[in-house]
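A.B. asks: The lines below spell out each chain.
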Amino acid sequence: MTYAADRIEEEVAYLAYHFHWGMDDILDLEHADRRAYVARTATLVEQAEAKATGR
Amino acid sequence: MRREGPAGPGAGTVPGAVTGVREPLRTEFEFELPRGFVDESGTVHRNGAMRLATARDELVPLRDVRVRENPAYLSVVLLGRVITRLGTLGSVHDGTVENMFASDLAFLQDFYRQINAEGHTRAAVACPHCSESFEVELAGSRLGES
Chain Y
370 MTYAADRIEE EVAYLAYHFH WGMDDILDLE HADRRAYVAR TATLVEQAEA
420 KATGR
Chain H
211 MRREGPAGPG AGTVPGAVTG VREPLRTEFE FELPRGFVDE SGTVHRNGAM
261 RLATARDELV PLRDVRVREN PAYLSVVLLG RVITRLGTLG SVHDGTVENM
311 FASDLAFLQD FYRQINAEGH TRAAVACPHC SESFEVELAG SRLGES
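As they're listed, the protein sequences go chains Y and H. Plus 369 on top of the position in the first sequence (first one is 1) and you've got the numbering used here. Plus 210 on top of the position in the second sequence (first one is 1) and you've got the numbering used here.
Some hints here could point you the wrong way.
To be verified - Reference excerpt, derived from the structure (chain Y facing chain H, CB under 10 Å, subset only):
| id | residue |
| --- | --- |
| 1 | Glu378 |
| 2 | Asp397 |
| 3 | Val414 |
Said to hold, decoys possible - Residues from chain H that keep clear of chain Y, each with C-beta distances beyond 12 Å, as calculated:
| id | residue |
| --- | --- |
| 4 | Leu235 |
| 5 | Thr253 |
| 6 | Thr264 |
| 7 | Ala265 |
| 8 | Asp267 |
| 9 | Glu268 |
| 10 | Gly297 |
| 11 | Ser313 |
| 12 | Tyr322 |
| 13 | Ile325 |
| 14 | Ala334 |
| 15 | Glu342 |
| 16 | Glu347 |
These aren't lab readings, by the way, just hints derived from the structure by calculation. In this text, all values refer to a predicted model and were calculated from it rather than measured experimentally. All C-beta atoms, glycine included, are put in the ideal place defined by N, C-alpha and C.
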């Protein structure tokens, strides 16, 4: 019934790496909110990469 | 469904809240237990609320020694964290969940999965006789709603 722990660690690390949020703040996000921020971050990262490579 | 918190729509004051203390956004779903929790005095508690789970709720039980010894206990610890109220009980914890009827525990496990995976309390089911698909409300019927 639970969310996989390794997937949680991956998402927490992803948000911490890109936004420098504190671990407590990320751990206390509801699952849907955390996933939404991960998706938004991924979009930002892709846009930045596209811009850097001139595509 | 209710969402509580300073930045959320419909945010209200929480009893006992101290001004200036940061409160996390919380979404709660109300439920009605199929059988009900019977406390020490024999009172039956059926109506309660569960908040959506966080990463912390999933990780903390994994460090609980009871869960390490018996992985099946994980859902008891997890449900004890996310059930915010039940009937007129002063508090709900893993000891409360531990003493629930098996059918209520199964209901709460399904309810937890439904709100955290689907974001609502409706489940898609199929009629065993005619195979027609339809939705059922898991939270329990309310007056004036069908």
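A.B. asks: Can you list which hints this structure breaks, lowest number first?
C.D. replies: 3, 4, 6, 7, 8, 9, 12 and 13
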